[in-house]
Amino acid sequence: MPLSEFIARRLLQLIPTLIFILIVVFVLVRLLPGDPTSAILGDRGTDADIDRINRQLGIDRSIPVQFWLFVKSVFTADLGNSIVLKRPVTELIVQRLPVTVALTALAALIALCLAVPLAFVAALRRDQLADNAIRGGFQIGLSMPVFYLGLILLTVFGAKLHWFPVGGYGETFLDRLYHLILPATTLALSLSAVLMRNLRAAIIGVVDAEYVSFARAKGLAPRLILIRHVLRNALISTVTLFGLSIGTLLGGAVITETVFAIPGAGRLMIDSIYGRDYPVVQGLTLALAVLVSITFLLTDLLQAWLDPRVAR
Amino acid sequence: MKLFSAAALSVALLLGSTVSSLAVERGGVMTYGRYADSLFLDPVLNDANVDIWILSNMYDTLLLPTDDGKGVQPGLASDYKLADDGLSVTLTLRDGIKFSDGSPITPDDVIFSLGRASTPDNGIWGFLISSIAGIESPDAKTVVIKLNRPDPAIIPALSVFNTAIMPKAAFEAAAGTTDTEKAEAFSAKPVGSGPFVLESWERGTLMKLVKNPHYWDMGEDGQPLPYLDGVTFEIIPDDATRILRLQSGELDGAEFIPFARVAELQAADGIAMELYPSTKVNYITFNVRPQIEGKDNPLSNAKVREALNYATNKEAIIQIVTQGVGTPMTSFMSAATPLQSGKAPLYPYDLDKAKALMAEAGFADGFSTSILALAGNQDDAGITTALQQMWAAVGVKLEIKQVDNATRTAQYRAGTFEMRTAAWTDDIADPSEITSYFAYSPTIDALHSGWKNEEADKLFEASQSETDAAKRAEQYARIQDIFNAEGPTLPLFETPYPVALSKKVQGFSQIPLGNNIFRAAWLEK
Amino acid sequence: MAAARVRLPRPLILGGAILGVSMILAIFPSAFAPYDPIAFDYGALSQAPSLAHPFGTDNFGRDVLSRIIHAYRIDMQIAIFATVFAFVFGTIVGAVVGYVGGRTEALFGRLVDAIITFPFLVLVIAIVSVLGPGLINMYIAVSVVGWVFYARIIAAEIKVQKRLDYADAGRAMGYTHLRIIFRHLLPNAITPAVVYWMTDMALAILLGSSLGYLGLGAQPPAAEWGVQIADGKNFMTTAWWISVFPGIFIILTGLGFSLLGDGLAEVMRARK
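Protein chains in written order, with the working numbering: chain A, 1 to 312; chain B, 313 to 837; chain C, 838 to 1109.
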C-alpha cells in the first residue's frame, strides 16, 4: 500500500474515533454534579440568580437539544463561547494549545536525548557500575513528584544560580523557549526514565537473541551489528511506548504548568472541568484528540519504517 | 442631616499624608503575582473575588471606601448628602472629571451606570442597591438618587464595585445586542474611570494595566495620581513559585502567601510581609434540617451544635492551620465589619461541657456524620482533619469528603450536605450583606442550612430601613446574639490578607473588603 | 530451552527483598510503627527529627515515621490494584489481537485510539467527581485507561513474533491458536510488558500522589506518601522532613519494583 493511501486511510479512521470521544465527553461533563453558574458564584448566588443566569446561558435546555446544537456548531467550526471566560473557545485553544504542544515536544526531545544514549551504555555495560549508576539516577528522577522536582529545579537554577527565569512565560519566541527549558526538563525526566528502562531491556533482549549471534558469526563488524540490527529491533517497542506516552504527557502536563506558571492547555482543561465550563472542556478534548491522533499516526509511520513487517 | 464636606476630609487626608517621611517617586511598573486570573472585568456582571478585588483600579465609584474599610470618602462625587427623610441622596460630581479616553464624566454616565447596576436581571449584585427607585439629574453637576425606602446602607453601597461609573456612549457603541454581549465586547477594550486602564490581557498569564492620564485625584507632590506608570499582574497559581519569584526580584508583590510561610518571610531581607486586616471569617456550616435525604439529622438539635462548638479547640486549629496568624471569632461577622458587637471569643474549648450537652441531647454515644472539604485545599484538609480528631472525644465520627467547588455548591444548594467548610468576605462596609446571607432566611435559607429564626428575620427587615444609627446597632447586636447562640455555624477564626511586598513598594494596600488599591502605590528607585 | 540450574539474578533478589519487607510492613504496620499515625500532639508540632521522632513530626504533631509505615498499606495497594487489572486484561487482549490481526486489529486500533486520545485527567477527575472521591474509584479510572498501554505493547511484539519461524513450526505441528499464543508467542513477547508493568507500579504510586495533591486520592486522615508530600509542601523551607522522608520511601519502593522488573526480564530471557 502506498504511503499516501495509508495516511489517507488513517485520517478517515479518525472520524469515528472523534465522534465517539465527542459523545463521551459531552455526556461525561454533564454527569458532573453542579453547573457552571453555581461553580462560579459559589456561595453568593441565590437560587433565583443561578436559575436566571443558567437560562441566559442556555444550559437549562435538555441534553439532547444541547447536543444537537453542539454538533451543529462543530460542523461550522464554531466551538461556542466559554461560559466562565466569555471568550470564543477556538480563540482559547489557539492561545493555549501551542504552549502545551511546545512544552511537550521539548520534553519529548529532552527525554529522547537522555534516554537513547544512556540506555545503550547501560545495556552494553550490563550490571556494571555505569549501568547501576544510570538506572539509579533515573529511578530517583522517576520517583520524584513533579511539583517537588519542579520546585527544586526552580530554586537551584532559577532563584539561586539565575540561569533560568523562575516560572512564567516570556513574550518573544526565543524568550518563551528559554522559559520552557526547566519545565520541559521536569516533564522529561519521568518519560526518559520509562523509555530508558524499556529500551535497555529491549537492547539486552536483541543482543542476546540468536540473530545477532548469527550476524556476528557471519562476520559483520560489531558497530554495524549494533546499528542495523540492535537499534532497529530494540526501538520497535520503544517507539510504541513513546507514542503512547506523548498522549499522556500532553494531557498530563497540568501540574508542571501549574508549578511553572505556564498558561497551557492542561491548566485550562483542569480549570474548565472544575468550573463546569462545558464548551471549553468539549473543544479542548476535541483538539487534544486530534493532536494525539496525529502523533499516533507519526508513530505508526515510524514503526513501519523501522520494521517493514508491521506495515504489511 | 449628614453633610460631609470634601474640603474638610481632604485636609484631614493631607495632614495624614504629610506625616509620611518619604518623598514619593513617580514612574515604573509594579509587577504583582496573583494566585488566579480574573474572569470577567465588568463591574455589574462579574461574580467572583478575582474580579472584584482589582476592579476598583479600573473603575471609580462615586464614593470610595476608606482605608480601614469601615467608612466612605468622596470619590468621583465631591459631596454627598442624604435627605432628612432618608428617601434621596444628592451627589455633586467633581469638576473636570474624565474617562480614560478623555471624554467627560457626566450625570448621564452616572444615571446609565447606576441604572444598569440596579436592573434585576443584571448579575447578582443588584440586591445591594435594591432601594434605588430612580435617578435624576437637575443640572450638569448634580445627581439625585431617589429611594423607595430609607436605606441605611445606601451610602456605603455607592462605594461598592457594582456602582462604578462606566462611559455610557462607549458601552452602548460596543458590539452586541444584549447587555451581556455588549459587556463582553466592551470589557475587551474598556474605557474606565479609575486610576488605571486595561492595556492587554493574556488569559491565565498576564494582565497589563497602564496609568489613566485623565485621573482626577492628586498625589502628595501635587501631580495627578497614580504614581505608577502601570501595574502588571502575573498569574502564578503555585504558592511556592509565587514566593520564589518575589524572592528572586521578578515580582514586586505576591498575594495569598500561605500562613506556613509568613514567619519565614517576615524574617527575610528586602521583603515586607504584610498582614492586612480583613473581613474574612472562616467557619463550618451545619445543615440543620430535621432530616437529610430521609435520615434523622442530629445537627438539627441546637444542643448538639453547641456541643460541637465546645468540643472544638479553636486555639489549636488557629495554631495548626494559620500558624498562629488567625484570631478567634467573637461574632459570626468579622471584627472589621461595622456594628459587629462581639466581645469575647465564642465557645472557648470545654470538653466536659461538650460531653454534658451531647448527653442532654440524647447523643451520649455520639453519631456519625460527614463534612465536605474543598479538594486540594490544604487549609480545608487541616481544618477537617483537626475536627475529626477533636470530635472523636465526644463520640462523633466524622467522614471527610474532598470534593470540587461545583460539587460542593450543588450539594449545598440542594440541602443534601451535612457540614461544609466555608469562608466569607464582606463586599460592602455594612453588616447587612453578611447578615442577609447568614441569618436572614429568605435570601438563601441562612447559608442553605435550613435554619430559620422569626425574630432574626423581623429584626433584619426592620434594620433595612432603620435610619436611627443607635437603633440599628441594637438590632444588629440582637441578631448577632441570636445567631451566635443557636445559629447553624461553627465559627473558627478570622484571618488577615497575607501579602508579601518587596521593600521598594510603598503606598499599596489591600483594604478589609479585599480590594487591592494601587492608586497611591509607588516604587522606590 | 536450557534445563540447566537457574541462577537467580542479583536484581531479582534485591528487588524481591525490598518488596518483601514492604509487604510485611503493609500487612503489619502497627507492629513496627512507634506511634499512632493519626493522633495529634499539640505539644510537638513540626518537630525536627530526634530520638523520640526519628523522622520528626508533621504540622499536626503526628509522627512522620509512623505515618510512613502505615502508608505502606495504602501505597502497596495503589501500586498493585491500579495496575494489575490493566496488566492482565491488556496482555490477553493485546496477545489475541496481535495474533489474529486483520479486521479485529483494525477495530481494536479504533478503540485504543479513542481511549488513549481521551485526556486522561479529564477521565479520572470526571469519574472521581461522579462516583465520589476515594481509592477504589481511582483504581477504576486508572484501569479503564491503563490496560490499553499493555495491549498495544504486547500486540506489537506478538505481530513480530508470529512471523518468526518457530510460530510457523507451531502451526505446522497443528497446535491450537490459543496454545500458540499463550505457550509460545507470549513468553517471548511479554518481557517489555513486564518491565513496563514494574515501572507502571512505581508510576501508580506517583499518580496517587498527584491525585492526592488534587485531593482525589486517599482521604484524610489516612497516611499516604503522596498526600504526605503534598501536606508538607508549604513547609519545605521550615520543616523539610514532613515531605522529604515520604519522598525517599517512594524512591525506595520504586527501586524495588524496577529491580524486580529487570530481574524477571533476565530470568525470562534465560528460560528462552
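Just so you know, the hints here were simulated from the structure itself, not pulled from any lab data.
Careful, some of the hints might be misleading.
Derived pair list, reagent style DSSO-like, types lysine-lysine, alpha-carbon separation capped at 27 Å [said to hold, decoys possible]:
1) A:K160 - B:K837
2) B:K520 - B:K783
3) B:K783 - B:K764
4) B:K520 - B:K410
5) B:K410 - B:K393
6) B:K520 - B:K816
7) A:K160 - B:K382
8) A:K86 - B:K480
9) B:K655 - B:K770
10) B:K816 - B:K783
11) B:K667 - A:K72
12) B:K764 - B:K815
13) A:K86 - B:K783
14) B:K783 - B:K382
15) B:K837 - B:K615
16) B:K458 - A:K86
17) B:K592 - B:K607
18) B:K783 - B:K592
19) B:K480 - B:K458
20) B:K520 - B:K764
21) B:K458 - B:K382
22) B:K816 - A:K160
23) B:K783 - B:K709
24) B:K615 - A:K86
Quick partial rundown of chain C residues pointing at chain A, CB under 10 Å, derived from the structure [claimed, not checked]:
25) A963
26) Y1050
27) K1070
In this text, all values refer to a predicted model and were calculated from it rather than measured experimentally.
Heads up, the beta-carbon is just placed ideally off N, CA and C, and yes, glycines get one too.
Going through the hints against the structure:
| no. | hint | verdict |
| --- | --- | --- |
| 1 | A:K160 - B:K837 | holds (24 Å) |
| 2 | B:K520 - B:K783 | violated (47 Å) |
| 3 | B:K783 - B:K764 | holds (23 Å) |
| 4 | B:K520 - B:K410 | holds (21 Å) |
| 5 | B:K410 - B:K393 | holds (23 Å) |
| 6 | B:K520 - B:K816 | holds (20 Å) |
| 7 | A:K160 - B:K382 | violated (43 Å) |
| 8 | A:K86 - B:K480 | holds (21 Å) |
| 9 | B:K655 - B:K770 | holds (24 Å) |
| 10 | B:K816 - B:K783 | violated (47 Å) |
| 11 | B:K667 - A:K72 | violated (63 Å) |
| 12 | B:K764 - B:K815 | violated (50 Å) |
| 13 | A:K86 - B:K783 | violated (45 Å) |
| 14 | B:K783 - B:K382 | holds (18 Å) |
| 15 | B:K837 - B:K615 | violated (60 Å) |
| 16 | B:K458 - A:K86 | violated (34 Å) |
| 17 | B:K592 - B:K607 | violated (34 Å) |
| 18 | B:K783 - B:K592 | holds (26 Å) |
| 19 | B:K480 - B:K458 | holds (20 Å) |
| 20 | B:K520 - B:K764 | violated (46 Å) |
| 21 | B:K458 - B:K382 | holds (24 Å) |
| 22 | B:K816 - A:K160 | holds (21 Å) |
| 23 | B:K783 - B:K709 | violated (44 Å) |
| 24 | B:K615 - A:K86 | violated (47 Å) |
| 25 | A963 | holds (5 Å) |
| 26 | Y1050 | holds (6 Å) |
| 27 | K1070 | holds (7 Å) |
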